[in-house]
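Take the given structure of chain Y and dock chain A to it, following the hints.
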Amino acid sequence: EPEVTQTPSHQVTQMGQEVILRCVPISNHLYFYWYRQILGQKVEFLVSFYNNEISEKSEIFDDQFSVERPDGSNFTLKIRSTKLEDSAMYFCASSDWTGGEKLFFGSGTQLSVL
Amino acid sequence: QQPVQSPQAVILREGEDAVINCSSSKALYSVHWYRQKHGEAPVFLMILLKGGEQKGHEKISASFNEKKQQSSLYLTASQLSYSGTYFCGTERHSGNTPLVFGKGTRLSVIA
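Chains Y and A supply the protein sequences, listed in that same order. Position 66 of the first sequence, counted from 1, bears residue number 66 in the numbering used here, the numbering being contiguous throughout. Position 109 of the second sequence, counted from 1, bears residue number 109 in the numbering used here, the numbering being contiguous throughout.
Heads up, a few of these hints could be off.
To be verified - Interface residues of chain Y toward chain A, partial, derived using beta-carbon atoms under 7 Å:
#	residue
1	E1
2	G40
3	K42
4	V43
5	F45
6	S48
7	K83
8	F91
9	F105
10	S107
Said to hold, decoys possible - Listed next, the in silico EDC-like pairs over lysine to aspartate or glutamate satisfying Cα-Cα at most 20 Å (straight line):
#	chain 1	residue 1	chain 2	residue 2
11	A	K68	A	E14
12	Y	K42	A	E14
13	A	K37	Y	E3
14	A	K50	A	E66
15	A	K37	A	E14
16	Y	K57	Y	D96
17	A	K103	Y	E68
18	A	K50	Y	E101
19	Y	K102	Y	D63
20	A	K26	Y	E85
21	A	K37	Y	E53
22	A	K103	Y	D96
23	Y	K78	Y	D96
24	Y	K83	Y	D63
25	Y	K102	A	E66
These are computed hints drawn from the structure, not numbers from a lab. Note that this is a predicted model, so its numbers are computed, not measured. C-beta: ideal position from N, C-alpha, C; glycine also.
Next up, chain Y with everything else stripped away, as it sits in the complex (with noise of 0.2 Å):
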C-alpha cells in the first residue's frame, strides 16, 4: 500500500529556534494536512492544504506555523520560534478526495523543544 513519509522520526531543538518538518504525500493525492498529538491526548487538526493554499486552520496554526508544498512531491510544516508547549508528535496525512475519504497518516514526527 502507498505511504505517506515524514522526516526526520524525531527532531530536538532549542526554544526559539526554527524547525521544518518534512512529509511527502501518496503522490496522486491533493489534499494534505497536518495534525499534532500531545503525549497521550488526542489527536488535533493544525492545517489544510489543497491546490497550493491553505483551505483551513485551527486556532492552533497561528503566525508562527506556516506550510508550503515547495515542489510536487514535498510538503512542509514550519514552526518560525519554538515554544515548549510546542513539543508534540507531529502528523502529516493525505487524501486523494475530501468529504468521506479516509485520511492517510505517516509514522510521524516526534518534536521536542528544550
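Relative to chain Y, chain A alone:
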C-alpha cells in the same frame, strides 16, 4: 467542534465484546474510525456516511445514526491485537472540511 467519545478507557479479556461511542452536538456528514497503537500513527478502520449505514471489518463493525449524530464501534470477540486507542473523527459536511477527532478510547485486551 470536537466529538465526544465514551468510555475513556476499557479493559477486556480476550473474547469479550466492547462498544465505543462517539457523539456530536452538530449535524455530521461522516464519521471515521481509526485505531492507534502506542508510538504509531493512527490507522484507518472505516468510514460511515450519513444515511444510517452500518459497516463491518472482520469482527469490528460500526453504525452511524445521523439523526442522533452518534456513531458506535462494535468490537466482537476481542483479540489481543485490538488493544490500542480508538479515535472517532467527524466531518461536518462533504466539502473541504477537516476531520476533527475525539479524545480517544483506550482499549486494553488482556489474556
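Tested hints:
1. E1: With a minimum Cβ separation of about 11 Å from chain A (threshold 7 Å), the hint on E1 (chain Y) is violated.
2. G40: violated, 9 Å
3. K42: Because about 4 Å separates K42 (chain Y) from the closest Cβ in chain A, which is inside the 7 Å limit, the hint holds.
4. V43: holds, 5 Å
5. F45: Nearest chain A Cβ about 5 Å off; hint holds.
6. S48: OK, holds: S48 (chain Y) within 7 Å of chain A, min 5 Å.
7. K83: Since chain A brings no Cβ nearer than about 23 Å to K83 (chain Y), farther than 7 Å, the hint is violated.
8. F91: holds, 6 Å
9. F105: holds, 4 Å
10. S107: holds, 5 Å
11. A:K68 with A:E14: Not satisfied, since the Cα-Cα distance of roughly 31 Å exceeds 20 Å.
12. Y:K42 with A:E14: Roughly 26 Å separates the two Cα atoms, so the pair is violated.
13. A:K37 with Y:E3: holds, 17 Å
14. A:K50 with A:E66: holds, 6 Å
15. A:K37 with A:E14: holds, 17 Å
16. Y:K57 with Y:D96: Holds. K57 (chain Y) to D96 (chain Y) sits at ~19 Å (cutoff 20 Å).
17. A:K103 with Y:E68: violated, 28 Å
18. A:K50 with Y:E101: Given pair K50 (chain A), E101 (chain Y) holds - Cα atoms ~13 Å apart, limit 20 Å.
19. Y:K102 with Y:D63: violated, 29 Å
20. A:K26 with Y:E85: Status violated; Cα separation ~30 Å.
21. A:K37 with Y:E53: Violated - the C-alpha atoms of E53 (chain Y) and K37 (chain A) are around 32 Å apart, more than 20 Å.
22. A:K103 with Y:D96: violated, 26 Å
23. Y:K78 with Y:D96: Outside the cut-off at roughly 23 Å; violated.
24. Y:K83 with Y:D63: holds, 13 Å
25. Y:K102 with A:E66: holds, 19 Å
Consistency note: the structure conflicts with the earlier hints numbered 1, 2, 7, 11, 12, 17, 19, 20, 21, 22, 23.
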